[in-house]
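Number of protein chains: 2
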Amino acid sequence: MVGEHYQHIKARLERYRLMTLAEMLEVIGTREPRRYLYDIVPSYPSRSGKGLRPGLCIGTCCAYGGEFANAIGSAAAIELFHNAFLVHDDIEDGSEFRRGLPTIHAEHGVPIAVNVGDAMNVLSIRPLMGNRRLLGPELAWRILEEVEHMVRQSVEGQALELGWVHDNACELTDDDYLRMTLKKTCWYTCIHPCRIGALIGARGEVDVNRFNRFGYYMGAAFQIRDDVLNLIGEHAKYGKEIGGDVLEGKRTLILIHLLRHCSAGEKKRIRQFLQAPRDRHRAGDAEWVFRLMQTYGSIDHANSAARNLAGAALHEFAVAYGQLPETEDKQFVHDIILYMIERDS
Amino acid sequence: MVGEHYQHIKARLERYRLMTLAEMLEVIGTREPRRYLYDIVPSYPSRSGKGLRPGLCIGTCCAYGGEFANAIGSAAAIELFHNAFLVHDDIEDGSEFRRGLPTIHAEHGVPIAVNVGDAMNVLSIRPLMGNRRLLGPELAWRILEEVEHMVRQSVEGQALELGWVHDNACELTDDDYLRMTLKKTCWYTCIHPCRIGALIGARGEVDVNRFNRFGYYMGAAFQIRDDVLNLIGEHAKYGKEIGGDVLEGKRTLILIHLLRHCSAGEKKRIRQFLQAPRDRHRAGDAEWVFRLMQTYGSIDHANSAARNLAGAALHEFAVAYGQLPETEDKQFVHDIILYMIERDS
Chain V
35 MVGEHYQHIK ARLERYRLMT LAEMLEVIGT REPRRYLYDI VPSYPSRSGK GLRPGLCIGT
95 CCAYGGEFAN AIGSAAAIEL FHNAFLVHDD IEDGSEFRRG LPTIHAEHGV PIAVNVGDAM
155 NVLSIRPLMG NRRLLGPELA WRILEEVEHM VRQSVEGQAL ELGWVHDNAC ELTDDDYLRM
215 TLKKTCWYTC IHPCRIGALI GARGEVDVNR FNRFGYYMGA AFQIRDDVLN LIGEHAKYGK
275 EIGGDVLEGK RTLILIHLLR HCSAGEKKRI RQFLQAPRDR HRAGDAEWVF RLMQTYGSID
335 HANSAARNLA GAALHEFAVA YGQLPETEDK QFVHDIILYM IERDS
Chain G
35 MVGEHYQHIK ARLERYRLMT LAEMLEVIGT REPRRYLYDI VPSYPSRSGK GLRPGLCIGT
95 CCAYGGEFAN AIGSAAAIEL FHNAFLVHDD IEDGSEFRRG LPTIHAEHGV PIAVNVGDAM
155 NVLSIRPLMG NRRLLGPELA WRILEEVEHM VRQSVEGQAL ELGWVHDNAC ELTDDDYLRM
215 TLKKTCWYTC IHPCRIGALI GARGEVDVNR FNRFGYYMGA AFQIRDDVLN LIGEHAKYGK
275 EIGGDVLEGK RTLILIHLLR HCSAGEKKRI RQFLQAPRDR HRAGDAEWVF RLMQTYGSID
335 HANSAARNLA GAALHEFAVA YGQLPETEDK QFVHDIILYM IERDS
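Chains V and G, in that order, are what the protein sequence lines are.
Heads up, the first sequence is in this note's numbering, so the first residue is 35 and it goes up one at a time.
Heads up, the second sequence is in this note's numbering, so the first residue is 35 and it goes up one at a time.
Simulated from the structure, these hints should not be mistaken for lab results.
Since no wrong hints were added, every one of them can be taken at face value.
Which copy is meant is left open, because identical chains are indistinguishable; a pair holds if it fits in one copy or across any two.
Below, simulated SDA-like cross-link-like pairs (lysine to any residue); rule was C-alpha separation at most 20 angstroms, straight line: (1) 44 / 55; (2) 364 / 237; (3) 284 / 142; (4) 284 / 69; (5) 284 / 143; (6) 284 / 67; (7) 84 / 372.
Remember, it's a predicted structure, so these values are computed and weren't measured experimentally.
Start from the sequences and build out the full structure, keeping to the hints where you can.
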């Protein structure tokens, strides 16, 4: 895709993201207690993100003939859950930076950060209650059920990933990775935003299972590209510490490929590296793992997998959206697929 | 009250607690992934508790003419939220024991414990969705709104308390404590269980605000008695480390009283003690604080406050339940008040 075309996608992503952010800030409000709760809650949502979830949710709603205004509350709920998840995820991974700024637990300590995440979880229920008046009780219940499934899948995927780090698992396959990513990423980043958007746009008259394969391929492509960018992106552009995933021992497709292809001696040393607490790593160890990933083509493997998954997502787009009239939003959802793969931040 | 009478209350509390536990375990199920998630989730719920919340919710439902079976799902939702809150609360406070066994983060580490709490939070939505068929969509929505308010109050109260520890606040008043306790404890331990039980029992035909003062007095009495037991109870009976609250720097009514009545020199030393990380305390320091609490009558003050609040709750009982026919459940809710104050574990 050419640069100008990207500008169109980015502009619409940004428009939907900001609409959703405005709704989130409205939901958060300016309540007491401020200092250790409501002043901190807007921190992550306000850090500029890509807006993939609001884009898919609102874009799909419009592509299915709905009003964008009807999807903003649900998009805000999804984003609030997402940000709650990020706050806790950063604690669980011991991450120091998020979108270029210190993580909440790095700034305020773990106790306050755990509670801030809990507050965001409960705040996300509010716009879903608002759906009752906006969309009627029947549709509002269906959307709540979608969200319940979405959040449950995320914690189950998170449990898989935390278990791997806890057990220092070094014999994983690409299939293991994709199963974990389906649970941890795809449902809440792609599948449910599309399902919920379509439910609203079509007033409930749609079989939402048609988005499952589309969202799975797209979400997996997105996550793998994210893992690559975590490794090779520049700090300023990406806003996370480079090589953070390596330091945190995350079982990315890249690491799994490396463990499968390196020599027995290298594998032994990588396993020791992964076993050691983060602050016990010797200088240069992470750099050594990174160079091995280049040597064994692990990063190329991940990029190739992401492109293949994006191709499958393009194919599934026809199933999920093909029968709809040609609209700007239909085109927008289509174009997000390649944009997410080709982005460099 | 005489011993035999207590046995009646305890038996009914236990009956409602076990019914609710059975429902919780049904909701949790035996899903994958088990090892780092669903095998751990039942841990806290299965540890024997007092059953105050299920007792108030189901008892109030029955006192208001409802079937106990209609309140079990909502009681399970409240208990799941409560247990999720405990998992995160124990992380936030650095607690080592809960009901006589290691806390989840002590056993499995903080990352897995944060995620287990998140899982319990989302699981608690399931029985609330079940209310839709059981009680109809209108009543089910009202109960969801109650729960949303309940959870939000809890995280706000938690933020107040964490802020005090974070700032090493030493100039608090009894009113500050009661405001925090209203938010952190009373809403979810007493007020909302009663409100939700009455909504179900009366099929929505009840002004639930009548329970607010009753639940506030009762919840505050309960919490203050809990704080006293944390100090003076025996480990085996109470199941938490003795003096845990002192070590964690919790701003109990007892500590607040002591800080107000001790000498300037003692206050300075207590402030230093509270400021120091838990593992830096010198042996005997917590014991010294405890003895000061006895010397200055701080424990007597708390016991007296709890009794006064229980008296106020008995008075408010007439407002909330007085007009109802005399039933075993009405008597049961009434008797819980004194039982909670006079219990020694």
